[in-house]
Amino acid sequence: MSPVYLLILTGQGDWKVLGIGIVLLGLFMRWKTGPVVLIAGITTGLLAGFPLVGTALSPGIIPILGKAFLDNRIITLYLLTLPVVGLAERFGLHQQAAGFIGKLRNATFTRLLLVFQALRILLGLLGIRLYGHTVFSRPVVYPMALTLTPHKTPPILEKVKAAVSACENYGNFFGQNLFPASAGCLLVFQTLKNGGLPVTLQSLSFYALPIVVTSFCLAGIQYWRLEHHLQTPSARSLPESEPVSTAPPSETTSTTAPPE
Amino acid sequence: MFFNFWFSLTFVFRAIGILLFFYAWFTWKDRTHRKPRLTACYWLLLGIIFVLPDKLSQTGYTLVGCLVIGLVILEALNGVQTGDYPESPHPAPPPGSPTRPGMAMFIPIGLIPAFAFAGAYLSRQTKLDQTIGTVLGLALGAAAASLFLLRLTRCQATDLIQSGRKITEEIGTVNILPQLLASLGAVFTTVGVGSVLASYAQRVIPSHSLIASLLIYFLAMTLFTALMGNSFAAFAVITGGIGIPLVIVPFGLNPALVGILGLTAGSCGTLLTPMAANFNLLPATLLEMNDQYSTIRFQWKLAVALWLAHPLVFAVWYWTR
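Those protein sequences? They're chains A and B, same order as listed. Using my numbering, the letters of the first sequence correspond one by one to residues 12 to 271. Using my numbering, the letters of the second sequence correspond one by one to residues 23 to 343.
Hints are computed from structural coordinates only; laboratory data are not their basis. Only a predicted model underlies this, so the values are computations on that prediction, with no experimental measurement involved. It is possible that part of the hints are untrue.
As the list claims (entries may be wrong) - Computed cross-link-like contacts, DSS-like style, restricted to lysine-lysine with a CA-CA straight-line distance of at most 25 angstroms:
id: 1; chain 1: A; residue 1: K43; chain 2: B; residue 2: K57
id: 2; chain 1: B; residue 1: K323; chain 2: A; residue 2: K163
id: 3; chain 1: A; residue 1: K163; chain 2: A; residue 2: K114
id: 4; chain 1: B; residue 1: K323; chain 2: A; residue 2: K204
To be verified - Residues from chain B that face chain A, not an exhaustive set, calculated with beta carbons under 8 angstroms:
id: 5; residue: G87
id: 6; residue: I134
id: 7; residue: A142
id: 8; residue: L144
id: 9; residue: V157
id: 10; residue: S185
id: 11; residue: F210
id: 12; residue: V215
id: 13; residue: Q224
id: 14; residue: F257
id: 15; residue: I266
id: 16; residue: S316
id: 17; residue: L324
What the hints assert, rightly or not - Some chain A residues close to chain B (C-beta under 7 angstroms, calculated; not the full set):
id: 18; residue: V48
id: 19; residue: L220
id: 20; residue: I222
Even glycine gets a Cβ: it sits at the ideal position worked out from N, Cα and C.
The whole structure should be built from the sequences, with the hints applied where relevant.
Written as structure tokens, this is what we have:
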């Protein structure tokens, strides 16, 4: 039993953690995510005794939501890169990427993903934070990975897509800590300082290194195993050994009404 | 004053807002679109939020909150749909055609990170805010890439905007999900959900065992990050509530090592959670996956293995210090 429910049942906790339960239930049931998140937020606020609108001195739930939404607009910055990616795709960027990787004799699936993960770590080390799923994964890495995938069955493609987006996340999450002035290092620095434990930013980046190296090696093993799986005959004929997809089968439904 | 406006994110957000207004207008007029009216309203509302200034009055924030509720109602009504996006009047030349641009297509894609790097570097050299510098560089990179691409393909600006509208509408409501989850996190933080959970973890932590305390700290970081969808939000609460008073100080551990390991233990949680929608769910729409949880299904194995590496890294430090 999860700690959250235990808390509620034993009466030690606060009802306001119920919002987490709503989110978990909504995600598990695959209800539409936006309404689930909004209802969870409003419920949490009401259970904690906050008003809906409130006053200037004690703001209510709606202004808190509004302010946070406004303050976090930077997450949606990638919208600015979509026109370029879209037009470049119309003029055959995917085919160019695929053609390029097809000409490299030494290219393998594992090497491709590791090169891009290394590139993301390097960008992190230089302090450049960008949303690589739009700039790299969709326009460049995925078409290249597709070229290196011999049997393009739907379950295989699903795994290749998942590996491409995971590669971006692995490189981005762990690589950024190598830059001493990164948001993550600054947060650790400030939290420790507030707790009376001053450290240097350089030491934080230094101690981040083992996990970066480990994540890179583990990812390499994971890509290599997938590559191996892609090339075995079972990948093209036998059904998947593990249950993969419970989502709607057709792509048109998934784009027009995302399964949420 | 002039400089402050240009060296700020407001200016970049306004550009996004104007782009969204164009999407709203084009969608409104799109005859192939499944829900032109409601979808146009969606981009219009989102555009308004993007052209607003950074700081507002309480009434202003309430208004933004109402706009957000409006966006979610449009989503609940299935109002955000796609069209057919015909390529005319400027269709791309077919593959193999001599007018089709070749490897030069990679240049605009490379310009975006190159400008972001230049922005980061220049702002660092001039001691300005590096985040703003990087973002401005990225925005300028997008502009430069657009100009370059328009010359290369001999397209018009409307083609560029229509191409952006196609991808943006294919992503649909997932576009605002990360911001919406961040807002949920803000409500959680304001009402103190994190401290309730932290007080629970404090109750189960044993005071005598170093390894048990350390493991509970790492596990709490992972689980709370998974619940909040953000390792940064979890870090301040969990490290302030557990990491510093119950692990680092009583056992005299290296704060920098344990702190950064706590943060990356949180990142392992980010790999596992749909709450981190921009990293785990948005790619599913971008890459047209059948199941939006496929990325998490791939990542969980590495997340578990990497989490186990955290106590090992600590052990190596502990025995060699």
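Status of each hint after checking the structure:
Between the alpha carbons of A/K43 and B/K57 the distance comes to roughly 18 angstroms, so the proposed pair stays at or under 25 angstroms and holds. Restraint check for B/K323 and A/K163: satisfied, since their Cα atoms lie roughly 23 angstroms apart, inside the 25 angstroms limit. Note on A/K163 and A/K114: the hinted pairing holds, with a Cα-Cα distance of about 20 angstroms set against a maximum of 25 angstroms. With a C-alpha separation of about 34 angstroms, the suggested pairing of B/K323 with A/K204 is violated against the 25 angstroms cut-off.
Taking 8 angstroms as the C-beta cut-off, the interface hint given for B/G87 holds, the closest approach to chain A being about 3 angstroms. At about 6 angstroms, the closest approach between the beta carbon of B/I134 and any beta carbon in chain A falls short of 8 angstroms, and the interface hint on this residue holds. Interface restraint check: B/A142 against chain A, minimum CB-CB distance 5 angstroms, threshold 8 angstroms, status holds. A distance limit of 8 angstroms between C-beta atoms decides the matter here; for B/L144 the minimum to chain A is near 12 angstroms, and the interface restraint is violated.
About 6 angstroms separates the beta-carbon of B/V157 from the nearest beta-carbon of chain A, less than 8 angstroms, and the hint is met. Because the smallest distance between the Cβ of B/S185 and any Cβ of chain A comes to about 3 angstroms, under 8 angstroms, the interface hint for this residue holds. Taking 8 angstroms as the C-beta cut-off, the interface hint given for B/F210 holds, the closest approach to chain A being about 6 angstroms. Against a cut-off of 8 angstroms between C-beta atoms, the interface hint on B/V215 holds, since the closest Cβ of chain A lies about 6 angstroms away.
Hint on B/Q224 is violated. Least Cβ distance to chain A is approximately 12 angstroms, over the 8 angstroms limit. Restraint check, B/F257 versus chain A: the minimum CB separation of about 6 angstroms is within 8 angstroms; hint holds. For B/I266, the interface hint holds, since its Cβ comes within 8 angstroms of a Cβ in chain A; the closest pair sits about 4 angstroms apart. Interface hint at B/S316: satisfied, since its Cβ lies 4 angstroms from the closest Cβ of chain A, which is below the 8 angstroms cut-off.
For the restraint placing B/L324 at the interface with chain A, the shortest Cβ-Cβ distance is roughly 5 angstroms, inside the 8 angstroms limit, so the hint holds. Below 7 angstroms, beta-carbon pairs count as interface contacts, and A/V48 has one with chain B at about 5 angstroms; its hint therefore holds. Residue-level restraint check for A/L220 is violated (minimum Cβ-Cβ distance to chain B is 9 angstroms; threshold 7 angstroms). Hint status for A/I222: holds, given a least beta-carbon distance of 5 angstroms to chain B, under 7 angstroms.
In summary, the structure is inconsistent with hints 4, 8, 13, 19 from the numbered list given earlier, while agreeing with the others.
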